[in-house]
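Sequence order for the protein chains is L and E. Just so you know, our numbering puts 38 at position 38 of the first sequence, and the rest follows in order with no gaps. Just so you know, our numbering puts 187 at position 73 of the second sequence, and the rest follows in order with no gaps.
Note that these hints are calculated values from the structure, not bench results. C-beta atoms are modelled at their ideal positions from N, C-alpha and C, and glycine is treated no differently. Worth double-checking, as some hints may not be accurate.
[Claimed, not checked] The calculated label-pair distances, taken between Cβ atoms and stated as ranges, are:
1. E:Lys171 with L:Ser69: 35 to 45 angstroms
2. L:Ile12 with E:Glu131: 15 to 25 angstroms
3. L:Ser18 with E:Thr191: 34 to 44 angstroms
4. L:Tyr95 with E:Gly154: 23 to 33 angstroms
5. E:Ser144 with L:Ile54: 32 to 42 angstroms
6. L:Tyr95 with E:Val224: 43 to 53 angstroms
[Claimed, not checked] Derived DSSO-like pairs (lysine-lysine); straight-line CA-CA distance at most 30 angstroms:
7. E:Lys184 with E:Lys170
8. E:Lys150 with L:Lys102
9. E:Lys170 with L:Lys57
10. E:Lys165 with L:Lys102
11. E:Lys165 with E:Lys184
12. L:Lys44 with E:Lys171
13. L:Lys44 with E:Lys170
14. L:Lys102 with L:Lys57
15. L:Lys44 with E:Lys150
16. E:Lys165 with L:Lys14
17. E:Lys214 with E:Lys184
18. E:Lys170 with L:Lys9
19. E:Lys214 with E:Lys150
20. E:Lys214 with L:Lys57
21. L:Lys102 with E:Lys171
22. E:Lys171 with L:Lys57
[Unchecked claim] Stretch-level coverage of chain L by chain E, calculated; a stretch enters the list once three of its residues show a Cβ under 8 angstroms from a Cβ in chain E:
23. 31-44
24. 100-112
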Amino acid sequence: NAGVTQTPKFRILKIGQSMTLQCTQDMNHNYMYWYRQDPGMGLKLIYYSVGAGITDKGEVPNGYNVSRSTTEDFPLRLELAAPSQTSVYFCASSYPARGDEKLFFGSGTQLSVL
Amino acid sequence: GQQVMQIPQYQHVQEGEDFTTYCNSSTTLSNIQWYKQRPGGHPVFLIQLVKSGEVKKQKRLTFQFGEAKKNSSLHITATQTTDVGTYFCAGRETTDSWGKLQFGAGTQVVVTP
Numbered sequence: 001n002a003g004v005t006q007t008p009k010f011r012i013l014k015i016g017q018s019m020t021l022q023c024t025q026d027m028n029h030n031y032m033y034w035y036r037q038d039p040g041m042g043l044k045l046i047y048y049s050v051g052a053g054i055t056d057k058g059e060v061p062n063g064y065n066v067s068r069s070t071t072e073d074f075p076l077r078l079e080l081a082a083p084s085q086t087s088v089y090f091c092a093s094s095y096p097a098r099g100d101e102k103l104f105f106g107s108g109t110q111l112s113v114l
Numbered sequence: 115g116q117q118v119m120q121i122p123q124y125q126h127v128q129e130g131e132d133f134t135t136y137c138n139s140s141t142t143l144s145n146i147q148w149y150k151q152r153p154g155g156h157p158v159f160l161i162q163l164v165k166s167g168e169v170k171k172q173k174r175l176t177f178q179f180g181e182a183k184k185n186s187s188l189h190i191t192a193t194q195t196t197d198v199g200t201y202f203c204a205g206r207e208t209t210d211s212w213g214k215l216q217f218g219a220g221t222q223v224v225v226t227p
């Protein structure tokens, strides 16, 4: 029962570097999400996807890009890392059509941009 | 836009005591969800409330959804050290599509033995 799997768990980037945070789920969920969590600030939605080939912006999309080529995978791309992107990133999935909208979260990626 | 506020931000509780954390939205919600995040962990779903005035219990935890569907509360009785963590509420505005949950900033709970 893997659920939602995120890699890497930790990463340190230099300003201006790029990287991709990987997320995969094995629950056949159609909805997938990327959130960032800053200390004391709760979770902010970056991007979400309602199915393969369909993505949409959340509250804080600037500086990020996503793609959804398969149901299982939803990678998050940081093109030019900035210190403001230092945060913990969580991927999540759900299947709202089943009558509930509960989110299943991955274990997170702690990213530092120095 | 929709805002979800949680109070208090921090809650220090003596083991065995009760406490309540509150969640308030500026707009009417379709549903409210509660999550718990242990220190260093990820949010874990606790419950979803959908109906106006709904009350649900999970052992020592009681969740309530307000009549106007704009507020919610989580009450924990006889607090234990296992209750340590941050509790988040999350709601979806009635005019928003599935998936657009707004999270509160959370209530961080510290339990003193």
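Do the hints match the structure? See the list:
1. E:Lys171 with L:Ser69: 35 to 45 angstroms: holds, 43 angstroms
2. L:Ile12 with E:Glu131: 15 to 25 angstroms: violated, 41 angstroms
3. L:Ser18 with E:Thr191: 34 to 44 angstroms: violated, 49 angstroms
4. L:Tyr95 with E:Gly154: 23 to 33 angstroms: Once the Cβ atoms are compared, 27 angstroms apart, the range 23 to 33 angstroms for Gly154 of chain E and Tyr95 of chain L holds.
5. E:Ser144 with L:Ile54: 32 to 42 angstroms: Violated, at about 21 angstroms.
6. L:Tyr95 with E:Val224: 43 to 53 angstroms: For Val224 of chain E against Tyr95 of chain L, whose Cβ atoms are near 35 angstroms apart, the range 43 to 53 angstroms is violated.
7. E:Lys184 with E:Lys170: Answer holds: Lys184 of chain E to Lys170 of chain E is near 17 angstroms, not above 30 angstroms.
8. E:Lys150 with L:Lys102: holds, 13 angstroms
9. E:Lys170 with L:Lys57: violated, 33 angstroms
10. E:Lys165 with L:Lys102: holds, 16 angstroms
11. E:Lys165 with E:Lys184: holds, 11 angstroms
12. L:Lys44 with E:Lys171: Distance ~28 angstroms between Lys44 of chain L and Lys171 of chain E Cα, so the pair holds.
13. L:Lys44 with E:Lys170: Given pair Lys44 of chain L, Lys170 of chain E holds - Cα atoms ~27 angstroms apart, limit 30 angstroms.
14. L:Lys102 with L:Lys57: Status holds; Cα separation ~20 angstroms.
15. L:Lys44 with E:Lys150: Satisfied, since the Cα-Cα distance of roughly 16 angstroms is no more than 30 angstroms.
16. E:Lys165 with L:Lys14: violated, 48 angstroms
17. E:Lys214 with E:Lys184: holds, 16 angstroms
18. E:Lys170 with L:Lys9: violated, 35 angstroms
19. E:Lys214 with E:Lys150: holds, 19 angstroms
20. E:Lys214 with L:Lys57: holds, 10 angstroms
21. L:Lys102 with E:Lys171: holds, 17 angstroms
22. E:Lys171 with L:Lys57: violated, 35 angstroms
23. 31-44: holds (count 8)
24. 100-112: holds (count 9)
Checked against the numbered hints given earlier, the structure breaks hints 2, 3, 5, 6, 9, 16, 18, 22 and satisfies all the rest.
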